[in-house]
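Q: Spelled out, the chains give:
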Amino acid sequence: MSAPKPTPQEPGAKGPGSAPGGVFAKYAHLRDTRSQMLHASPRDPFNVVIEKPLSASEGVIEGRPTLLFGTNNYLGMSQSTPAREKAQAVARSMGVGTTGSRIANGTFSLHAQLEQRLAKLFGRKHAMVFSTGYQANLGTISALVNKDDILFLDADCHASIYDGAKLSGARVIRFRHNDPADLEKRLKRSAHESGARLVVIEGIYSMTGNVAPVKRFAEVCKANGAALMVDEAHSFGVLGENGRGAAELDGCEGEVDFIVGTFSKSLGTVGGYCVTDHDDIDLMRLVSRPYMFTASLPPEIVAATLATIDDVEAKPELRAQLRANAAQLHGGLRAAGLKTGEHPSPVVAVTLDDIPQALAFWNGLLEAGVYVNLSLPPATPDNFPLLRCSVSAAHTPAQIEKAIAAFAQVGKAVGAIKA
Amino acid sequence: MSVENPQTVDDITALIVERLLANPKVPRNINGDSRIMQDLAFDSLAVMNFVMEIEDALDVSVPLDKLADINTIHDLAVCLKSILDEQRGQA
Numbered sequence: 001m002s003a004p005k006p007t008p009q010e011p012g013a014k015g016p017g018s019a020p021g022g023v024f025a026k027y028a029h030l031r032d033t034r035s036q037m038l039h040a041s042p043r044d045p046f047n048v049v050i051e052k053p054l055s056a057s058e059g060v061i062e063g064r065p066t067l068l069f070g071t072n073n074y075l076g077m078s079q080s081t082p083a084r085e086k087a088q089a090v091a092r093s094m095g096v097g098t099t100g101s102r103i104a105n106g107t108f109s110l111h112a113q114l115e116q117r118l119a120k121l122f123g124r125k126h127a128m129v130f131s132t133g134y135q136a137n138l139g140t141i142s143a144l145v146n147k148d149d150i151l152f153l154d155a156d157c158h159a160s161i162y163d164g165a166k167l168s169g170a171r172v173i174r175f176r177h178n179d180p181a182d183l184e185k186r187l188k189r190s191a192h193e194s195g196a197r198l199v200v201i202e203g204i205y206s207m208t209g210n211v212a213p214v215k216r217f218a219e220v221c222k223a224n225g226a227a228l229m230v231d232e233a234h235s236f237g238v239l240g241e242n243g244r245g246a247a248e249l250d251g252c253e254g255e256v257d258f259i260v261g262t263f264s265k266s267l268g269t270v271g272g273y274c275v276t277d278h279d280d281i282d283l284m285r286l287v288s289r290p291y292m293f294t295a296s297l298p299p300e301i302v303a304a305t306l307a308t309i310d311d312v313e314a315k316p317e318l319r320a321q322l323r324a325n326a327a328q329l330h331g332g333l334r335a336a337g338l339k340t341g342e343h344p345s346p347v348v349a350v351t352l353d354d355i356p357q358a359l360a361f362w363n364g365l366l367e368a369g370v371y372v373n374l375s376l377p378p379a380t381p382d383n384f385p386l387l388r389c390s391v392s393a394a395h396t397p398a399q400i401e402k403a404i405a406a407f408a409q410v411g412k413a414v415g416a417i418k419a
Numbered sequence: 420m421s422v423e424n425p426q427t428v429d430d431i432t433a434l435i436v437e438r439l440l441a442n443p444k445v446p447r448n449i450n451g452d453s454r455i456m457q458d459l460a461f462d463s464l465a466v467m468n469f470v471m472e473i474e475d476a477l478d479v480s481v482p483l484d485k486l487a488d489i490n491t492i493h494d495l496a497v498c499l500k501s502i503l504d505e506q507r508g509q510a
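Residue numbers (the working numbering), protein chains in the order written: chain A, 1 to 419; chain B, 420 to 510.
Derived by calculation from the structure, the hints in this document are not laboratory data. Please note: incorrect hints may appear among the correct ones.
The calculated lysine-lysine pairs, modelled on DSS-like cross-linking and capped at a C-alpha distance of 30 angstroms, are [what the hints assert, rightly or not]: (1) 485/B <-> 185/A; (2) 402/A <-> 418/A; (3) 412/A <-> 444/B; (4) 500/B <-> 147/A; (5) 500/B <-> 188/A; (6) 402/A <-> 339/A; (7) 166/A <-> 500/B; (8) 500/B <-> 485/B; (9) 188/A <-> 444/B; (10) 185/A <-> 500/B; (11) 500/B <-> 412/A; (12) 52/A <-> 86/A; (13) 147/A <-> 120/A; (14) 444/B <-> 26/A; (15) 52/A <-> 418/A; (16) 485/B <-> 147/A.
A few chain B positions that, by computed beta-carbon distances, are all more than 12 angstroms from chain A [stated by the list, open to error]: (17) 425; (18) 441; (19) 443; (20) 449; (21) 458; (22) 466; (23) 470; (24) 485; (25) 491.
So, partial list: chain A residues that the calculated Cβ filter (under 10 angstroms) puts toward chain B [stated by the list, open to error]: (26) 112; (27) 150; (28) 155; (29) 162; (30) 170; (31) 173; (32) 174; (33) 185; (34) 186; (35) 377; (36) 382; (37) 383.
From a predicted model like this one, the values you see are computed outputs, not experimental measurements. Ideal placement from N, C-alpha and C gives every residue a C-beta, glycine not left out.
Could you build the full structure based on these sequences and the hints that come with them?
A: Below you can see the structure in the form of structure tokens.
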């Protein structure tokens, strides 16, 4: 069954907001670009509906069973049986929502339990839970630095980190991606300036799968008097002997001041956190607007998250399987002649030449029963379009082979693989 | 000809133009009045990445919020000059 073709939007005004001076007038260029994309594509890549998940690695899309290689479900936890059961039981006993912020009526004993659990898991003194991973970055960054401080961001940091930077009002200096020497140069340039200095990096970068050299960054931060925050959103549950992320992998957790992460990747639920040994973290609860002015996580989500943390801790074999699956997908795509990053990682990005080729490739894969993410400039590093795949411990070797075969076949058809 | 040790806004403008022209995709007729996003067809990411190159050439760092007010190559040169002056004053 083929997808219903969306009605392409014609360039030009659409309703009163689009008229000159209207609230949507500033998006005229975006409207034109989107319209051109919809003309060139049989379906909207940014509006794919997963009608029903069949398992952690398969779902129904356009009425057909489709392999899911575009989710962040690294350990398959979104379908965890213990988590479903805990969530159901807690929903029955406690209801489905808190209706308030953590600092008002929104703190249940479960929230405190989750924070204690996270602190213990990371071997840290303190943990603070946010309602989403996005808010964890916004809430932590905007609380730690303000207009009198300087924030140093890896150039490829996630939008939530840039948005946290804006909310903080701090002066923001970008440094070259994964380049501690470039950071050091920029830290030294500002050595004479007053105010706190915070450096933010990610453990695994979400678009490319690149892994940060955390230890080297920690050394540079220490030598130059800056605090270090690592966002382990994509690396928690994936890297390190105990799955605590890139800092654990690099053996430098004690040199990282703040670890931020999310529940929505390898833990399969939703929410975010910050863990630290700094005793003043409780002050963040009183100044962090994304923590104070939003409803707290619903109890069934907290219960499910506690259950998936138990699952992740109890099953280190999932990480070994994930590594093997990542190596299989990465090796297979490279052997097929596609351009990927150098090192295997659960995020495997295939770089393409231009947007028409990327659109054709993405549509061809979906028609062949493989769903991946399409990422277009300017959201991608170096302005090349990407097909972003994420592999899960739940994928079978046969499913990965099927995906590689689809990539090879469609890649040849669209000219991304030269004969 | 390369711009050595730029001291004035004009020197910095010349340095920026020289660096931009090293990119074959940039139009050949640019000058200080050229608008970086419209005339050079740079998106916001390309602007940030290009500014990093100029930062290294001049050994300064431009906070991202300063870029919001920059429209032309001349605007960028004025911004860089003010940061350089501030930095020299504090050195």
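Q: Hints first: check each against the structure and report whether it holds.
A: Status of each hint after checking the structure:
1. 485/B <-> 185/A: holds, 20 angstroms
2. 402/A <-> 418/A: Distance ~20 angstroms between residue 402/A and residue 418/A Cα, so the pair holds.
3. 412/A <-> 444/B: holds, 29 angstroms
4. 500/B <-> 147/A: holds, 22 angstroms
5. 500/B <-> 188/A: Between residue 500/B and residue 188/A the Cα gap is close to 19 angstroms, so the pair holds against 30 angstroms.
6. 402/A <-> 339/A: holds, 19 angstroms
7. 166/A <-> 500/B: Status holds; Cα separation ~24 angstroms.
8. 500/B <-> 485/B: holds, 13 angstroms
9. 188/A <-> 444/B: violated, 33 angstroms
10. 185/A <-> 500/B: holds, 19 angstroms
11. 500/B <-> 412/A: violated, 51 angstroms
12. 52/A <-> 86/A: Given pair residue 52/A, residue 86/A holds - Cα atoms ~21 angstroms apart, limit 30 angstroms.
13. 147/A <-> 120/A: Violated: residue 147/A and residue 120/A sit about 33 angstroms apart, past 30 angstroms.
14. 444/B <-> 26/A: Holds - the C-alpha atoms of residue 26/A and residue 444/B are around 26 angstroms apart, at most 30 angstroms.
15. 52/A <-> 418/A: Answer violated: residue 52/A to residue 418/A is near 36 angstroms, above 30 angstroms.
16. 485/B <-> 147/A: The given pair, whose Cα atoms are some 13 angstroms apart, holds under the 30 angstroms limit.
17. 425: holds, 17 angstroms
18. 441: At about 17 angstroms from chain A, residue 441/B clears the 12 angstroms cut-off, so the statement holds.
19. 443: At roughly 15 angstroms from the nearest Cβ of chain A, residue 443/B sits farther out than 12 angstroms, so the non-interface label holds.
20. 449: For residue 449/B, whose nearest Cβ neighbour in chain A is about 20 angstroms away, the distance exceeds 12 angstroms, so it holds.
21. 458: holds, 15 angstroms
22. 466: Violated: least Cβ distance 10 angstroms, not greater than 12 angstroms.
23. 470: violated, 9 angstroms
24. 485: violated, 9 angstroms
25. 491: holds, 20 angstroms
26. 112: The hint is violated - residue 112/A has no Cβ within 10 angstroms of chain B, the shortest such distance being about 37 angstroms.
27. 150: holds, 8 angstroms
28. 155: It holds, given that the least Cβ distance between residue 155/A and chain B is near 7 angstroms, below 10 angstroms.
29. 162: Holds - the Cβ of residue 162/A comes within 10 angstroms of chain B, reaching about 8 angstroms at its closest.
30. 170: holds, 9 angstroms
31. 173: holds, 5 angstroms
32. 174: holds, 6 angstroms
33. 185: holds, 8 angstroms
34. 186: holds, 5 angstroms
35. 377: Result: holds, 7 angstroms to nearest chain B Cβ.
36. 382: Since the shortest Cβ distance to chain B is 9 angstroms, the answer is holds.
37. 383: At about 7 angstroms, which falls below the 10 angstroms cut-off, the nearest Cβ of chain B leaves the hint on residue 383/A intact, so it holds.
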